[in-house]
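There are 2 protein chains.
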Amino acid sequence: VTALPAAPVFLAPAEAAMLAAAIDQDSLIGRTLRTERATLDRFLAEPIVVPGSGPGGGVAHEQHKRNYQMLFAAGRFWQMTGEPRYAQRVRALLLGYAEIFEHLPYAQPFSPNPPGRLFHQILNEQMWLLFASAGYSSVRAWLPQAEREQIETHLFAPMVAMFAHTYSSHFDIIHNHGMWASSAVGIAGIATGRVDWLDLALYGQFGDGRRAGFLAQLALLFSPSGYYEEGPYYQRFAIQPMLLFAEALQRARPDLNIYEYHDHVVRRGFYAALHPALPDGALLPLNDALKRMNIDSLGYVLGASLMFRREAPDPRLLWLAQRNGQVWPDAAGLALSDALAAQGDTPPRYHFPSVELTSGTQGDRGAVGLLRADEAHGTQALASLDYGTHGLAEHAHFDGLTLSYFARGHEVLRDYGSVRWINIEPKQGGSYLPENLSFAKQTIAHNTVTIDGISQHSGDAERASGLHGSRVQFSADDGDRQMMTGEIRDFTPGVAMRRAVALVRHADFDHPLLIDVVRLQADAAHRYDLAYYYDGQIIRLLAPYTPADTLSPLGTAPGYRHLWRLGSGNAEDGHGLLSWLQDGGYHSLIFASDGPTELILTRIGANDPNFNLRAEPGLVLRRHSHDAVFATVLECHGVFDEATELSRNARGRIERVQILHTSATHTVLRLSGPSGAWLAGLAHTEAAEGAHHVATADIALSWQGAVVLLRDDRPSL
Amino acid sequence: VTALPAAPVFLAPAEAAMLAAAIDQDSLIGRTLRTERATLDRFLAEPIVVPGSGPGGGVAHEQHKRNYQMLFAAGRFWQMTGEPRYAQRVRALLLGYAEIFEHLPYAQPFSPNPPGRLFHQILNEQMWLLFASAGYSSVRAWLPQAEREQIETHLFAPMVAMFAHTYSSHFDIIHNHGMWASSAVGIAGIATGRVDWLDLALYGQFGDGRRAGFLAQLALLFSPSGYYEEGPYYQRFAIQPMLLFAEALQRARPDLNIYEYHDHVVRRGFYAALHPALPDGALLPLNDALKRMNIDSLGYVLGASLMFRREAPDPRLLWLAQRNGQVWPDAAGLALSDALAAQGDTPPRYHFPSVELTSGTQGDRGAVGLLRADEAHGTQALASLDYGTHGLAEHAHFDGLTLSYFARGHEVLRDYGSVRWINIEPKQGGSYLPENLSFAKQTIAHNTVTIDGISQHSGDAERASGLHGSRVQFSADDGDRQMMTGEIRDFTPGVAMRRAVALVRHADFDHPLLIDVVRLQADAAHRYDLAYYYDGQIIRLLAPYTPADTLSPLGTAPGYRHLWRLGSGNAEDGHGLLSWLQDGGYHSLIFASDGPTELILTRIGANDPNFNLRAEPGLVLRRHSHDAVFATVLECHGVFDEATELSRNARGRIERVQILHTSATHTVLRLSGPSGAWLAGLAHTEAAEGAHHVATADIALSWQGAVVLLRDDRPSL
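Going line by line, the protein sequences match chains W and X.
In terms of this note's numbering, the first sequence opens at residue 2 and continues consecutively.
In terms of this note's numbering, the second sequence opens at residue 2 and continues consecutively.
Simulated from the structure, these hints should not be mistaken for laboratory data.
Glycine is no exception: its CB is placed at the ideal position from the N, C-alpha and C atoms.
Hints may be right or wrong, so weigh each one.
Unchecked claim - Distance windows between CB atoms, simulated:
| no. | chain 1 | residue 1 | chain 2 | residue 2 | range |
| --- | --- | --- | --- | --- | --- |
| 1 | W | Thr551 | X | His352 | 47 to 53 Å |
| 2 | W | Asp584 | X | Gln64 | 23 to 29 Å |
| 3 | X | Leu647 | W | Asp197 | 33 to 39 Å |
| 4 | W | Ala394 | X | Thr557 | 49 to 55 Å |
| 5 | W | Asp584 | X | Ala15 | 42 to 48 Å |
| 6 | W | Pro610 | X | Leu647 | 25 to 31 Å |
| 7 | X | Pro354 | W | Gly585 | 29 to 35 Å |
| 8 | X | Ala18 | W | Asp714 | 50 to 56 Å |
| 9 | W | Val60 | X | Ala696 | 37 to 43 Å |
| 10 | W | Gly379 | X | Thr36 | 49 to 55 Å |
| 11 | X | Pro354 | W | Gly379 | 58 to 64 Å |
Claimed, not checked - To be clear about the criterion: a stretch of chain W counts as covered by chain X if any three or more of its residues have a C-beta under 8 Å from a C-beta of chain X, and this derived list gives those stretches:
| no. | region |
| --- | --- |
| 12 | 421 to 435 |
| 13 | 530 to 544 |
| 14 | 647 to 654 |
Just need the whole structure built from these sequences, with the hints factored in.
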């Protein structure tokens, strides 16, 4: 197109009238609008403050952030209510910014992201432009021409120039930052009627729509599964500008059919951001991640409303909107709210499925596997195994084949997440801290195997980007017998590691059992450290163990130097049990290995002079061997309630795991305890779905499918 | 009396009929009865199991406990419904027990409490008799005479004999165990019509009602304030048999007027058990205590109903009952439920007052002071200071003048409680663990001063029992300016310690400020270790500090050997600040001392081979001096929410405390930070309520009352 009439970006006049009528409704859209209005009215009661720049979490930072949120809201409330005070506040704020913006010095940078004039990183400045220009679009028609020019020429234009020219290399990266940059410039273009800005946003600075720009972002950022390989925490962030700009385009440029673009990539990206939700709604903290970020954040509120209107009225979105407690305050949110009310506001819970989130633009670079099994009392267990790519360099962890487990309402096998205290100004302005590199990214910080004390790829991100894991099998059709197997090769040169993770339900157990078989094959002898991080109070330890009299770091290598070695012992037979109490439930980790195994208990926090790390416990199973196998079972059992002094089943049913057979393709385990024994057969092979038969000196086991668990009623071995 | 007709202990026929009519009501009593019936019906669907003895938390222990609870419930439901299955289950169980009881060997003891035949301690056996005999009383009239004799002769009689004769010394102690023993025997007496048992219960084995028995317990166990000096956790336990037996007596022996006995001591004991509730309902964990025990436990459910009916329809009890979610299932509970329904089930919150819980039978042996101040958002801050007695020997801690602080919904300055994993069978059957003595009882485990590394009274309980703290002043009339001061003398020979704790609200601060002034006066030089235990992630430390490269225990002395020394530094000027993030809020502890002070950071967990201790952080302020003063301010500030990436006011307003003046009676502090300064005047003297004037070289301050906080607008000092 060659002309673009400046217009309100998100709210047509007819829609504004419909929303105005909904403000006093007893409905989700009504509550959403009243909450927003109350916040906005409190803001309007305060003086107008346009500060300079400041660090993350500081007063200036928070004020700029609040200003852009309120600019956006005030614009919409002006459209809905016609009350001049809303338009006046937008005008006053934008003129205030326009007056000083070009004269502000660049801010003090805190991160690899370059600084803006308002914020310590341009990322935040782009968010500012996106929301502030959308707010401007609502009042533009009301403003005198001279003030429009003042704002567009001395505020928006230099911002666009800063993003697209001063920082042109950042503008064009295929990355969530690039998504924000192009969406901000595009929305500013629609708000002001600048075709050149919109084209820049859509097609990038080279104008081809393939190497850069929003369309290229959409085509390149997501795998066929919709997964964005920087990880769920950043995918949550990437879908915000994706959805905002897509919706703005659907209104300003319906000819683009943006929601259908690239096989409905917007929809795919949104749903793939929802899949890694833990059963409590927090996001699986793969790579750099805040652990409590959840599916109530902005992208999900946006997505529930927009997908419901623009794609299909998926009933699962009703559940999400009710959980969010709000909808997106536009015509889509109104439609979603009406649909929810028609259901009596009691949508059935979204039953998240087991799913594989493939990586790579073609979906051929491994995946993150997610197995889910229903527990009693309406909760769900979730095991995740990462056999995909390294992730985008800046926020990736050296954590190939890491395992996480969430059950009974909490993280049982924990991923540390990132070392960052977001927006806490005394913690370096809330930016990533040195321990993020020296601990959180390192392999030993994860529930996987560190070889010879050295992180995967020796911590070399470039090497890591050239390799990826692969799927061996993923079987989730039978909810009682699910299993996934991934493999990584040469993440440490000459070593192949295959990990099979089964999630099995059996009538003898109150909760699903997690079975974890790790196989290492190498061309030389190595030291293998299999780490598990947990949380809670140790109840039983059945393994040789000597507590340390004084605590020293576990080593001097990256990662290791941050772990206190609490004590250790040598299990000559490779067997042991560690059980702990976490919140109101017991957990037993029963392990076996095919040779002498050292058990080391650890606590995070050594060499942490600025108290940046959380002091969480973990364990390391250490083998010195050429090849090695670790077979671990995690059993959740019993209950404890201190207030009622109730404890039941503090001992689980399984006290011992024996490896009866193991090969590259099959493993048979015997699980036993005082009340019985069970056999587990695992086919960790590409041909897992078929029939399997394993015969050893004292057992012959046949089964169909990837995994089987059955009672072993033979006399004890 | 010489004759006592055997009768249902708790439910007259007319009451049973009234309750039966309430079962299907949509009311608290209806819900209570339906929940109880559902539990009972599940129990009736199971086979009858009468096991031998077993450890705490083990299968046998839990079965015996469940059996007595269900015997009690089944008896009442038989009275209410007339359904024979309830009576039949009571009959079958009691005959089962009667058949084996005399032949069972004594159980394996786990604690100083001697073993019974069913349980590892007779305390539990007494609880069994109380509830089982009450259940029996409901069905006795329905049983053939021969079966009555079987049960009374071969089960109840040998139990009574075991309590009163085999363990006669335990039967007569003035203690919560003695309360259970006499109440159990008394209720068995009422159930069976045995006057001799009832008299034994009331008047003790000497028959005088002064040295032993229930009446002596009531007269001797509680101070005039109603406080039971074993501490809130055990008072919670003591009020259960007190209330049960009192109610049984009111029905069987109305001539005793038991509720009026000893100036309504039952009422006083109940309300004093309610006062130490933390704002979340958990009980202040003084002495040996489980930290999550709360006011929803049995004694409070009982007390709300019985006090409402027998004493006065106190509206605060409506709030308690609604919080409990249940009432006591008798006529009293019915009355309380009806009163609650009449209020539309929305009782106003019980506003706990600031209060002093005096110790000693005459109330002249010090007290536990509790100051409460309302916070924003409906929460309450609570500071407690223990200047009372040592407590009853077995469960007492050497913690004179210990301070606890609860604010913003969590414990900020924490008391460890006891080292015990109640009913967790692998943890020594849930009994007290060795670390309870070696850590939790020791002075260094508490928020108070340890002198020369030696616990108060050198850990000698007998010496401790001979001394007690004293109240200097307690001022709570002005909710904005509350203060309490306690003193201990010779807890360490030759040393007097006075501690003033103020809870102050001021418009400049979002939350109440806690001000803590500790003064030590001695006849020789000493090492003073003032400890504070907190929870959370350190955000800022403004004081010299060097982290330790390897961690060693803080010392070899009791208590010290369980603390890891994380690092330390010498503040030559005695000043410093430590701030941390706990849950969603920031906390800053700003300290000053009158001389060089070493700051040591610690973590609990050294020398803990069986993982019995929780790994919680703390700090120690160490002074070497003759006399010494520590002045500390605790400021709560700001908010943090990771899910919304929000952080505000991560720095508090106060960064420095200066001691401008201090004497035995008055202290003036200057609190200052980047945004201003304040003066605090404290009159920690018996004459605190009057007028005060302090003049120093550069300040003259006059005020009325114990404490004042005002802005200091002078140019900075």
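Do the hints match the structure? See the list:
1. One distance hint, 47 to 53 Å for the beta-carbon pair Thr551(W) and His352(X), holds here, with the actual separation near 50 Å.
2. With their beta carbons about 25 Å apart, Asp584(W) and Gln64(X) fall inside the hinted range of 23 to 29 Å.
3. For Leu647(X) and Asp197(W), the Cβ-Cβ distance of about 37 Å falls inside the hinted range of 33 to 39 Å, so the restraint holds.
4. The supplied range of 49 to 55 Å is met by Ala394(W) and Thr557(X), whose beta-carbon atoms lie about 50 Å from each other.
5. Between Asp584(W) and Ala15(X) the beta carbons are some 46 Å apart, a value that agrees with the proposed interval 42 to 48 Å.
6. The beta-carbon spacing between Pro610(W) and Leu647(X), approximately 27 Å, falls within the hinted interval of 25 to 31 Å.
7. Evaluation of the 29 to 35 Å hint for Pro354(X) and Gly585(W) yields a pass: the beta carbon distance comes to about 33 Å.
8. Roughly 54 Å separates the CB atoms of Ala18(X) and Asp714(W), a value that falls within the hinted 50 to 56 Å.
9. For the pair Val60(W) and Ala696(X), the beta carbons lie near 38 Å from each other, so the given range of 37 to 43 Å is met.
10. Roughly 19 Å separates the CB atoms of Gly379(W) and Thr36(X), a value that falls outside the hinted 49 to 55 Å.
11. About 41 Å separates the C-beta atoms of Pro354(X) and Gly379(W), a value inconsistent with the hinted range of 58 to 64 Å.
12. Evaluation of the coverage hint for the region 421 to 435 of chain W: fulfilled, as 8 residues show C-beta separations to chain X shorter than 8 Å, against a requirement of three.
13. Coverage of the region 530 to 544 of chain W by chain X holds. Counting CB-CB distances below 8 Å, 5 residues qualify, and the rule asks for three or more.
14. Look at the region 647 to 654 of chain W against chain X: 5 of its residues bring a Cβ nearer than 8 Å to a Cβ of that chain, three or more, so the hint holds.
Of the numbered hints stated above, those contradicted by the structure are hints 10 and 11, listed in ascending order.
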